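Counting with my numbering, you get residues 151 to 782 for the letters of the sequence shown.
Each hint can be trusted.
Below, simulated BS3-like cross-link-like pairs (lysine-lysine); rule was C-alpha separation at most 25 Å, straight line:
hint : residue 1 : residue 2
1    : K750      : K724
2    : K482      : K268
3    : K605      : K516
4    : K519      : K541
5    : K199      : K268
6    : K741      : K625
7    : K629      : K617
8    : K479      : K199
In case anyone wonders, no lab produced these hints; they're calculated from the structure.
Note that the coordinates shown come from a computational prediction; the quantities given were computed from them, not determined experimentally.
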Amino acid sequence: MDILKRISEQRAHEESLRWEGTFADYLKIVEEKPHVAGTAHSRVYNMIKSAGVEEGEDGTSEYKFFSHELYGLDRAIERLVEDYFHSAAKRLDVRKRILLLMGPVSGGKSTIVTMLKKGLERYSRTEEGAVYGIKGCPMHEEPLHLIPDELRADFEEEYGVKIEGNLCPSCQLMLEREYDGKVEDVVVERVFLSEDKRVGIGTFSPSDPKSQDIADLTGSIDFATIAEYGSESDPRAYRFDGELNKANRGLMEFQEMLKCDEKFLWNLLSLTQEGNFKAGRFALISADELIVAHTNESEYRSFISNKKNEALQSRMIVMPVPYNLSVSKEEKIYQKLIKQSDIGHLHIAPHALRSAAIFSILTRLKESKKQGVDLLKKLKLYDGKTVEGFKLADVEELHNEFSDEGMSGIDPRYVINRISSALINTDRNYINALDVLRSIKDGLDSHPSITNEIKEKYLNFISVARKEYDELAKKEVQKAFVYSYDESAKALLDNYLDNVEAYCNKQKLKDPLTGDEIEPDEKLMRSIEEQIGVSENAKKAFREEILIRISAYARKGKRFDYNSHERLREAIQKKLFADLKDVVKITTSTKTPDENQLKKINEVINRLVEEHGYTAASANDLLRYVGSLLNR
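Working from the sequences, and respecting the hints, build out all of it.
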């Protein structure tokens, strides 16, 4: 990669995007593309939508704008996009509200804001997201503000574009002095939003309330120029460089907003409700920007308990951002964070991150009042797994049972810290699930916010995660021991289906060796069905259901195979594993294996390395561990 060449190409591309013309030229652009004159809220919504939307299996919408960076927040993001951004883009009253993201630490709130800011920077450099402003305006103002109030209704009728807001003091002066009031000659330029350059994106972080200056938000008088211009009310003697000025046309992140003195936040009351704010000795200054803040639940409860904050509270839309509640997506969070570190050369054995994720999710779930649902079943249902006796509607019901589920529990940063500790302290070139769970357990003693009661509960969750890992480990080793696993499974499935078909149709089978007619093999069918708890009374219904499924596949021109029925696939797997259990026990637990056993062990290790993502050392360790489990 020639980095200097790429930089040169990037610079040339930026130059090619630039545009400059008169207000008359800009009107032609508005006529062709009315969306360029949209509000900041509509710009954000269009940006999110333009990245694409997919419907998930559970009926939720997955917004691709967020999905590559945030995992497991689909429901929260769908609520954020549809209830806030979509409504605000349609100019409904929610656009006159501060967006407050509320959730636990390390839950993704600041990541959402960062993604919106970075996204706006990229979007403003696309054709669809182009933004135009009056050249020389410190607030990159919408050029349509040049149109007098008396003509705006007619303009809206002809162009289909609504105009809100008035010229800032700086542009008013510029129009009079430089253009002699001729709006058609005012120079307009394309604006590229940038946080670094403070164009359309601002970030405000409060300091000590006693020394905090309102000028940080609204700009300040430039005392060095007062002698030249003679008045503090001359726009040329004022610096329009506060965060509210610079974030115009885009977004302002208000960090730790609820920790600010309430007097300091009064400017936001007018800005949110009326779209303007007071600065210096000027009339109200129009601003079109999305204000987004984030906080945790305890700070928010403290904020709303203060009666002085009622006016500001009524101008907020509070969006809960809970922790992720899906094990698979929690794994992705850990993978993303580990990939960003410098410890990627160390091997993390399969299921290590999953075991940590199981523990994390268990700490975030609430005990359901629904009969037959324990935390482990709930965890599996939330992860999209099939649990007997439960349907998709049940999962939705569980999600709706508690509005605050996921607002507490172990945060991803703690788990990543403990995984990092396990990686740093290992004397091998890999860690496994046991190392990770041990590290999580050791860290509970020094966790600042965990009481003895919660610690006891968490230790129990670690035991549950360990048991889940034990089952995964046994299955993986047993599966690796099956030579030509798919062929073996297919042969067993075909044999089972032949017998089921004969049983349901009250027919006999032919013995492949003698050619004699024989009864369906009840012993074989029951040995498979018992693996998934199909009782003697339920066997007929189960077999008929299989036959109906086969017929349905045949009508659609599809072939019924090993993956066509999840419960039957599980039964076939368990049957194969049960038949192999003794072989696995003997081979893995023998301290001095013979030549045949050694050959088998090497075959299994190779399969674990090639097909399951282990290293030779971690696979060998897995075999020893499973051998000990099977011999208990």
